[in-house]
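Asks: Residue numbers (our numbering), protein chains in the order written: chain A, 4 to 298; chain C, 789 to 984.
Hints may contain errors.
Stated by the list, open to error - A short list of chain C residues far from chain A (calculated; beta carbon distances all over 10 Å):
1. 798
2. 804
3. 806
4. 819
5. 847
6. 894
Unchecked claim - In silico lysine-lysine, DSSO-like type, Cα no more than 30 Å apart, as pairs:
7. A:73 to C:964
8. A:298 to A:145
9. A:289 to A:138
10. C:914 to A:76
11. A:250 to C:941
12. C:952 to A:289
13. A:274 to C:953
14. C:941 to A:217
15. A:289 to A:276
Worth flagging that the hints you see were computed from the coordinates, not collected in a lab. All residues carry an ideal CB built from backbone N, CA and C; glycine is no exception.
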Amino acid sequence: MAYIFYPGCASEATGKASFISFEAVVKALGMDVHGEIPDWNCCGATLVANAIGDFAQQAIAARNLALAEKAGKDIVVACSSCYLNLAWTNEKMKIDSKFNSQINEALAAGGLSYGASLQVRHLIDVLINEVGLDKIRERTIKPLEGLKVACYSGCQTVRAIRRPDFDDVEYPVMLDRLVEALGATPVPFPLAARCCGGSQQFTNPELIYDLTGKVLDCAAENGADVIVTPCPMCALNTDAFQEKIAKLNKKKYDMPVLFVTQLMGVAFDLKPKDLALQYNIVSPYKKLAKYGVKK
Amino acid sequence: MTAANKQASRYDPAFANELYTIENGHYIKQCMQCGLCVVTCPARHLMDLPPRRYFKAIQAGDQEQVLKANTPWLCTSCNLCTVRCPRGIPIIDVMHGMKLYLAQKQGVKSAPGALFSKTFFDVMLKRGRQWEAWLTQMYFLKAGPAAMKEAFKMMDVARPMVLKKRLPLAPAKTIKNKGQLKKIYEKAAALAREGH
Ligand code: SF4
Ligand code: SF4
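Same shape as in the complex, but just chain A (with noise of 0.2 Å):
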């Protein structure tokens, strides 16, 4: 199947590392993969309803829509937050003829309009179902043995269509398989779905020091080595605020924070310029050492 990337604002800044690391394993995997959305925009974020609502947000969303539609490929996304707003504004364009016709008419606007015809498919769904686990563990050099990892799927991720999509709203586990595809162990991580806290880093920061906090703590916990997650706001905040977390709460963490694509890269040995471990907070040089990354 050919797709098309929608990268997110994230991919330039907080989660250079997922977008550097993303285009190394679809290399490698020999994905169909066809560059970005033209001239693709911001999503909208989590923020954006709050300012203008719903509706015109989803407006916004639509544009990327339109365009990729115009290159005439499904869209693929890695990101979480964009994921939620472009999957649920594709899905209520399907089922909803009345926000179908409203945002043709903003479209039109600009000049375009959006048929509906696309899938929006994120990053696990497609690498799972599309790409499947024996090719992964078939492109796997180096396995992950004896990584203890905590797959954090983050909330948007399996939530953003409201009903159960390419995993469970609760309690995914497709991250867990595809870790096990690479050779590592996923340990139980009962928060796998539940919320870091989201953008609210300058709002509410005693909010991302609480839910950030239980998910390092519940990582800890059940013996992770790393953290492992698709979302780029969740590995900010489990990676960047980990160091003040733990002095809030008088523990040390050591929990490197990996996007899944980043890990992928180790057990497929890529070059390091691909794995862009340079970007992390928390150093995953030393536990990952054993498995033949060097800085």
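Dock chain C with the ligands against the given chain A, drawing on the hints supplied.
Replies: Structure of chain C with the ligands alone, referenced to chain A:
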């Protein structure tokens, strides 16, 4: 104003009716007060009114409580309540509608979340994409000295982010067709105003 009058204005059915007409506001009528959203919500302990009580206050027309509650600003959009609510209320959408309503009624400076969301939107519409370092600066500039003081407490988080290039200070890319994006937004905003 007599005490009885005050009581009467506190529970104002017109206020409930007003909120039923905001974007996604009509869903609030469906709430049967089961409380599942409360045991679900990860932010409930920081909310003045957890979702169930917030919706009850709206149904009752309790203007005073509703207008001062921080409830929607703490919603993280995790969507867990939305998949669980037995009445099928898309609570996340109701929270979006309430945030838009509150920001319009009380001004964007009435809550940090309102100002941050508005700043995020302004940067996004102007550039077509987000530029986090700029967004952060703009936000704290508008938020004023007290917020700045809070921001300094975050330096221990920001410093490694800048060092590890997670928060690039150089301008992020913009889109080419900003005019098109703006036209789509303006039309959508006009349609949304007509719609409710
Ligand atoms: S779960 Fe739904 S019906 Fe139950 S209290 Fe919450 S909003 Fe109301
Ligand atoms: S979507 Fe908002 S209100 Fe619902 S459970 Fe999550 S944080 Fe709470």
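Asks: Any hints from earlier that this structure breaks? Give me their numbers in increasing order, please.
Replies: none
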